[in-house]
Amino acid sequence: MSVSDDPSRVAGGPALTDLPDDVSVATEEGRRLAEQLADNRRHARKLLEVRNLSTHFYTRDGVVHAVDDVSFELDYGETLGIVGESGCGKSVTALSLTRLIASPPGKIVSGQIIFDGIDVLKLSNEEMRLLRGKKIGFIFQDPMTSLNPTLTIGYQIAESAKTHLGLSRKAADDRAVELLSKVGIPRSRERMGDYPHQFSGGMRQRVMIAIALACDPMLLLADEPTTALDVTIQAQILELIRSLSDEFGTAVILITHDLGIAAGMCHRINVMYAGRIVETGLVDDIYEAPRMPYAWGLLDSLPRLDEVKGARLRTIEGMPPDLIDPTSECRFAVRCKYVHDRCRSEEPELTPRDGEGHMARCFGTEPEGWIQ
Amino acid sequence: MTAAATDPATPARQIGETLIDVDRLKVHFPILSGIFQRESGRVRAVDDISFEIRKGETLGLVGESGCGKSTTGRAVIRLRNPTAGTVRFDGHDLMDLSRGELRKMRRRMQIIFQDPYSSLNPRMTVGSIISEPLETHDLAAGKARIERVRELLALVGLNPNYTDRYPHEFSGGQRQRIGVARALAVEPEFIVCDEPISALDVSIQAQVLNLLVELREKFGLTYLFIAHDLSVVRHISDRVAVMYLGKLVELGPPSAIYDAPGHPYTRALLSAVPIPDPKAERRRKRVILTGDVPSPANPPDGCRFHPRCWLYERLGRPEQCRTEDPELRTVATDHRAACHFAEEALQSDIGVAHMATDKVRHGTPQSATAGLAAEHAAEASAAAAALDDSGTGSPNEPSAEV
Ligand SMILES: Nc1ncnc2c1ncn2[C@@H]1O[C@H](COP(=O)(O)OP(=O)(O)OP(=O)(O)O)[C@@H](O)[C@H]1O
Ligand SMILES: Nc1ncnc2c1ncn2[C@@H]1O[C@H](COP(=O)(O)OP(=O)(O)O)[C@@H](O)[C@H]1O
Ligand code: SF4
Ligand code: SF4
Ligand SMILES: [Mg+2]
Ligand SMILES: [Mg+2]
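Chains as they are written, first to last, in the numbering used here: chain R, 5 to 376; chain U, 3 to 404.
The set of hints was computed from the structure by calculation and includes no laboratory data. The beta-carbon is built from N, C-alpha and C at its ideal position, and this holds for glycine as well. Don't take each hint at face value.
[Stated by the list, open to error] DSBU-like mimics (lysine-lysine), calculated; alpha carbons at most 30 Å apart, straight line:
(1) R:K313 x U:K220
(2) R:K313 x U:K106
(3) R:K50 x U:K281
[Claimed, not checked] Take a look, some chain R residues computed to stay more than 10 Å from chain U by CB distance:
(4) R103
(5) D123
(6) S172
(7) D198
(8) P200
(9) G206
(10) M207
(11) I237
(12) G264
(13) G268
(14) L306
(15) L309
(16) E321
(17) P330
[Unchecked claim] Stretches of chain U that chain R covers, calculated by requiring three or more beta carbons in the stretch to come under 8 Å of a beta carbon on chain R:
(18) 202 to 209
(19) 267 to 275
(20) 286 to 296
Input sequences plus hints: build the corresponding full structure.
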């Protein structure tokens, strides 16, 4: 087979064909961006401010406190990771931000969401739809369920550009072709007429990214964007998100249960447990000096590619709690090796720790605490 | 000795002679089309692979989705008939056995499946799920059987009184333990673990992994451990086999596969694995593969990896890669790779995640086995080390497992 004719050769697109001679080491770029962000942080306002957000589901078994009093901020151009195990409230957080919670049974019961200066929870449904389409792009775990199987790929991308940017049909089509090549689909003009099932999982995820980018969003919300994909394809998609975010200055909220992915992609991390943010901070602080037993327990339990651990891995015993009618104790108390009486009678607040914006929810690691 | 001696992940276990010998194994699936369901092609799911599994060892099998891992695992215990080739278990050719003989042999080999939700019959109690294999093999009856089931539940860390419960009353991790108990019921020597932890939550994965390691030590089990997570495979395996598109492309001890791989695909696969450490992530040299995995119904000529191979590109697209299918050949002691240019691949440092030396987490108690007091001490010295080293820590500090 001749290589140059093989479409799969160029499927990665120009930015992704890093050969060993010009390997991509993120160090310099990452550092530069971090500095620039720190600068922004001092001067500009936030792209997103979430204050005391709570989202509940009213089910037969009781009220599920899926997201409970969650507050965080996001800078323009920043990549924020939301990590945690399944069921801890990551997706519900993302859906709440864009008011896509199924209601009933779900309801945002309190809080404030300020996006680019706009009070999101005060918008009419119509205004909300516009905001979603124009300023926020989504990528979900399973691209097949989010693409319409009966419409061509080209139509679906162009439609987004047409409605949200007010482009003509022709201009929208051109934009779609441009976006498809941008996300690394070879022979993009020819592939405009293809249907989703004619694309592989990785290509469908690229299409989702193209749709998300069609309207030049300020924020990309990616909920487990690579969980359904193989590692080599995952690496392509992550590289794509990273380079697009660098190029367009798009802020990204990356939701993942994979602490490895978050380590390589994010500037800051929110660790969630049982509907709460239990630790937040710059990526290096979270991974090197975590101050919440759940956070370091998770990190310590992971086998690593660059480390040979003893035969027995450290574990966190027990299971995450269900979120129905949570008690007024530390939610990690039943699994925590360091638990004290105090943890069982009241719940700790998120309080500052060493490091910029570093906060943890744990009595034990507070200045007077017993884990020092 | 074998890899176990050099790899601190596994305390020296006894690894002996070949238990399972797979020779030129092929498993093809017909592609049927048209109203007459004529065979119009073949999915070459497993296409001429040979390897051996030694008594007491854990052989890890890794590769991307659809490359043939599960098919290999099933063929090895003859849950699936091979299209060609032989599988010998303890010297017996599994294809030659009569039904009765095969049934007897099955007692010695079991499988644990990936999905703890669909692999247990929802209408059976845990007790009957676990005692089913005892019944099939006439192993224990009446009181003895009930006792044995309770014993097995306790062995996998479940409450022995749970025999009357149904699978839906258990979490994913607990269901996987039930699957393990069922596999252990007949006291097998060999277990195929087909992605046993992939469907579980992060904090539960380590629990089940520890259980598998414990049982391996306790009963001297031999595992074929199938997974797509290369970090997990490094942790549990004595040797690792890498598959690509129905072929075995590399086979060797973890030290070879992870630190000095001889196949460009292995290097690319390693590059793609994220490491939960931002500094390590920034340091790494990666190669990002372009394109998708081709279909096993229509694999590329020559070396199946050539359309995505970075070394092929770098070497100026040598013709040999396009015309000749490389054999799995020895490139170092106990280390085989299927690449015409394995020597070049070995020279590269692409993909290798250099051993972490600065992974002291300051501010974190490091010792897991000692009590709280010891943890405080460890913490104090870790913090001191952090200060001494202006934040980088030192490799000899208490981050090492005690
Ligand atoms: N019963 C079957 N009939 C037809 N094709 C099959 C069958 N079972 C597997 N295949 C095909 O054989 C190839 C290998 O499948 P296999 O299940 O062994 O992959 P795998 O490596 O275990 O993948 P995964 O990581 O997704 O579990 C795939 O192309 C698959 O579609
Ligand atoms: N539509 C729904 N109805 C009832 N409960 C829900 C619904 N969606 C989510 N939940 C619950 O909310 C909690 C958080 O869910 P989610 O945000 O999806 O978790 P994850 O962190 O895995 O993304 C879980 O307990 C989940 O069961
Ligand atoms: S508050 Fe107490 S129980 Fe909760 S994490 Fe901290 S030490 Fe553990
Ligand atoms: S034989 Fe050629 S194409 Fe195949 S892996 Fe080696 S260098 Fe790459
Ligand atoms: Mg989710
Ligand atoms: Mg499989």
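Structure-based check of each hint:
1. R:K313 x U:K220: holds (20 Å)
2. R:K313 x U:K106: violated (38 Å)
3. R:K50 x U:K281: holds (27 Å)
4. R103: At about 28 Å from chain U, R:R103 clears the 10 Å cut-off, so the statement holds.
5. D123: At about 34 Å from chain U, R:D123 clears the 10 Å cut-off, so the statement holds.
6. S172: holds (34 Å)
7. D198: holds (15 Å)
8. P200: Its Cβ never comes within 10 Å of chain U, the nearest being 15 Å, so this holds.
9. G206: Violated, since 6 Å does not exceed 10 Å.
10. M207: violated (7 Å)
11. I237: R:I237 not clear of chain U: closest Cβ-Cβ about 7 Å, inside 10 Å.
12. G264: violated (3 Å)
13. G268: violated (4 Å)
14. L306: Given that some Cβ of chain U is not farther than 10 Å from that of R:L306, nearest at about 6 Å, it is violated.
15. L309: violated (4 Å)
16. E321: violated (7 Å)
17. P330: Nearest chain U Cβ is 18 Å from R:P330, so the label holds.
18. 202 to 209: holds (count 7)
19. 267 to 275: It holds, with 6 qualifying residues against the three required.
20. 286 to 296: Three-residue rule met by the region 286 to 296 of chain U, so holds; n is 11.
Hints 2, 9, 10, 11, 12, 13, 14, 15, 16, counting from the list given before, are not met by this structure.
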